[in-house]
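Chains as they are written, first to last, in UniProt numbering: chain A, 1 to 377; chain B, 1 to 377; chain C, 1 to 377.
Hints listed in this document are in silico derivations from the structure and should not be mistaken for laboratory results.
Fair warning: there could be bad hints in the mix.
The list makes no distinction among identical chains, and a pair is therefore deemed to hold if it is satisfied within one copy or across any two copies.
Listed next, the in silico DMTMM-like pairs over lysine to aspartate or glutamate satisfying Cα-Cα at most 25 Å (straight line) [unchecked claim]:
| no. | residue 1 | residue 2 |
| --- | --- | --- |
| 1 | K196 | D128 |
| 2 | K270 | E241 |
| 3 | K277 | E173 |
| 4 | K247 | D128 |
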Amino acid sequence: MIIDQLATPLPGSLLSTLPGSAYTDAAIFASEQEKIFEKMWFCAVRASDVAVPGAFRTIAVGRESVIVSRNRKGKARAFFNVCRHRGMQICSGEDSAGRRTFQCGYHAWTYDLDGVLIAAPNLTKMPDVDRADHGLRRVAVREWLGYIWVCVADEPPSFDETVLGEVVDRLGEVSNLDRYAVDTLAIGRRIVYDVKANWKLIIENFMECYHCATIHPELTEVLPEFADGLAAQAFVNHGAEFGAEIKGFTIDGSVGHDLLPGVGADQARKYYAITVKPQVFINMVPDHIIFHRMYPVSPDHTIVECDWLYLPGVVESGQDLTASVELFHRVNSQDFDACERTQPAMSSRVYRDGGVLVPAEHHIALFHVWQQRMLTT
Amino acid sequence: MIIDQLATPLPGSLLSTLPGSAYTDAAIFASEQEKIFEKMWFCAVRASDVAVPGAFRTIAVGRESVIVSRNRKGKARAFFNVCRHRGMQICSGEDSAGRRTFQCGYHAWTYDLDGVLIAAPNLTKMPDVDRADHGLRRVAVREWLGYIWVCVADEPPSFDETVLGEVVDRLGEVSNLDRYAVDTLAIGRRIVYDVKANWKLIIENFMECYHCATIHPELTEVLPEFADGLAAQAFVNHGAEFGAEIKGFTIDGSVGHDLLPGVGADQARKYYAITVKPQVFINMVPDHIIFHRMYPVSPDHTIVECDWLYLPGVVESGQDLTASVELFHRVNSQDFDACERTQPAMSSRVYRDGGVLVPAEHHIALFHVWQQRMLTT
Amino acid sequence: MIIDQLATPLPGSLLSTLPGSAYTDAAIFASEQEKIFEKMWFCAVRASDVAVPGAFRTIAVGRESVIVSRNRKGKARAFFNVCRHRGMQICSGEDSAGRRTFQCGYHAWTYDLDGVLIAAPNLTKMPDVDRADHGLRRVAVREWLGYIWVCVADEPPSFDETVLGEVVDRLGEVSNLDRYAVDTLAIGRRIVYDVKANWKLIIENFMECYHCATIHPELTEVLPEFADGLAAQAFVNHGAEFGAEIKGFTIDGSVGHDLLPGVGADQARKYYAITVKPQVFINMVPDHIIFHRMYPVSPDHTIVECDWLYLPGVVESGQDLTASVELFHRVNSQDFDACERTQPAMSSRVYRDGGVLVPAEHHIALFHVWQQRMLTT
């Protein structure tokens, strides 16, 4: 009576996605936390969020709470947010003013801004306690693009091969991104999204534009080729061209803001997008950068923090950024809504063996291969 | 000091219930979803809820979301609520107005009202994609008693042997129910109950009347024999007789509404009840039908949707149904409260081997045998 | 790049705590419920909470709901809160007025105040049902210090060896506690705390005073030696002496209330504390007793109920107890806040092998040995 339609082998036009369980299984998610988010470089905070020595922000990296801060020389530092004595969290929330030491609120164990234990009640009576050995456990840090990237792994992978490698794969060479001088820009707007969907659905959504005609009317107005479903990320260094009538990357195609000075003539009317696995999207347009960081919380819950970055003069002048911010804020809202409405089906029997990828989405299969490889090594 | 009273073998008057874990264990509940609710016929929606072609309502059947609708010829149809492309839910909530197609909101894959894939971006460039093979996965449907029943199993069991078989077991022959012409009635009132108890506690409660004297003062006033604890369902085709002073099946025994024309003289002052496993209760009185459908959510959570059905003329006339509805609404509230106060003890060590059934409840043991058999086959 | 600091063996000044998983793992918590809270004597309610025959209070003991009450002779009684018929909870909440029987609200099975089944519908037709065999299952009880202690184990351990044994270990002899005549005192104030932390963190916190200088400014003002981190519990029968200027155990050192008459000269200006594993803290000062009972709910959630006990005349007179109560209420708040901020780090990789105990905390290791032994026997 019911024909098992899934038994039919897939035609050549279609590739299979991951099975539904990859998006719902708590054990798979725990494995992703351990083998992806706690092993790879993770883009943590904007450098300006912790501008001065002792300023800090605490963030979740995989299952760990991490303090991101700066030492007395202004060098970025990150620590596991765990006192080495009895484990109380040393810091909570954020503090932009900066403090001179990190002191645990429980028994007053006190660490300097490089994490070394410098004081504790009766510490002088425990001469065998080495102050470096019992310092805050360090987390590897790297500043790039004006963000502090961290890695909680004992042996971080090569930043150049992994993070920069993604940029090379996408743009051909890192210099094509360097021209935007992202590290010199200022935050014009930050929006945090609470998305009830698996992090991989968000990446898959970002990787393809087959959905653009259906859910992104404003974006396809600005970037007409997106209506054809061509992913900006499908070809090396391809940028999507603004429509003929479009004056800027804004919700209504009106003029945007001051152009980033390093942007070349070939990039001046184009949109580029880069996915830096596992949790960063970089969107480049001539007058600003839209920078997404994902924080996976559970198999069906992901926090996404998105920064809109402009020339400091644009932000300082108090210009109205509404039309500029609104375009990608609407795209984000449309995308995350789609992901949230996709998540429930991941546990259906119909999706047990996954769904299908059409030719315009075939490159997503490479992301699936990567995820599988990360979990099995 | 503490005597293990459970070690005593049960006297002949008492039968054992299921062990407490049957009502609390997540694995047992998952097995029930798989082997009972996703294998058997499930009463989904009132036919009038989806009156016209393309009208739909989405419901949970076991762990699946199902779209219940009608095709262009008005024939009932049901589908897994999962786009065959990337899995987004095709429909949400309900729509009584009716639509011409089902279109996925993500990439615009579009299906006709029989579920066949009829359009998708670039579909013409994928000639190898068979439109029937990639149509919405069909769910078996059957209309009966004015309800649309569905079965998400690949091989549905015989409707006659299972659903109708329950009616025969209870009433001797289906014609005793047919006389009420339940399919011709209109919904006078619908109440949805959120019950924090296992679905089996609700069935066991419905199957016995040993509790009636204690918790149903209004019902035993109308049906005096219930005060003796006699279950209406204990004997084939037994109906509980109204009290001598009782004029109708109402909260105060006052006159009810127009009698259902097919009801025979022998049924004219009686209440009958049928349990159609696994999730339907049918209550028949001379002037209306009270029809319960259960939707199990988790081991300790069940949604119950209850319809009060009257002759269309009664509903259209705008008559005050309060006294009529209130009687069984109060019974429902009393029963579900009892189930909710029973649920916590299911995890007690005292209930590890279950409780006991007195003679007036012995027929519940057959329900337990059925549940055990369903899980082991 | 990252040095595995945990690989370094601990110096002699430091002992290891339990591993982080001991505070987060659901299986370990379930094992603690079974092998500690459901095996040992558990301090349930103040005797005056159930002052008259048939008065009751329902409480959670491990994973069980227990009714604590008194029989017609006023003798303390406790029962599993599970009807022996179909399992409904017999009682909910509390009732200080007292009732003559316990009647189940579902099918009216009725038990006397000793738990014997005395009535049920049709019970006379079931002569083979023994009324004692099917009575409420009894829980062992014992009154001591004006509290009703219960044990849900089939074979309770010796009260003298376990509960009194803790007092002897701490005070040298029970008579040192008897002098406070705790059973004669009245409740001046009761505060219930909802603590989002593992119960063992709360015990460990109570056992040491290394944190006192950091988080308890008011307490160290009253008990100056606490500023040195000396645990009151570290030495047999040691009491912490009030500061020279201190007139009473109050938030501002002002005079307290009427002294407990049995308190000796040696105890008159001292604070003593006893931990009665697994869930009681007794704090003794000259004019009152502060008595904590913990109810563990989940690995990271514990309810703590704290009574301030005074001479009945003090309570009856309506004296203002604010300054007296406020001191330890503030201590409780400070301690529970510390525990809540410690809980999150228990799941960090950094705490996988636990934290460290300094010499002033070394006695906590004995608590860890005890917990380990309880779980493995």
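Hint by hint, here is what the structure shows:
1. Taking the shortest Cα distances, K196 and D128 never come within 25 Å of each other, neither inside one copy (50 Å) nor across copies (35 Å).
2. In the homo-oligomer, the alpha carbons of K270 and E241 lie at most 25 Å apart inside one protomer (5 Å), although the nearest pairing across protomers, at 77 Å, exceeds that limit.
3. Taking the closest pair of Cα atoms, K277 and E173 come within 25 Å of each other only inside a single copy of the chain (17 Å); across copies the shortest separation is 65 Å, beyond that limit.
4. For the homomeric pair K247 and D128, neither the shortest alpha-carbon distance inside one copy (68 Å) nor that between copies (42 Å) is at most 25 Å.
Of the hints listed earlier, those the structure fails to meet are numbers 1 and 4, in rising order.
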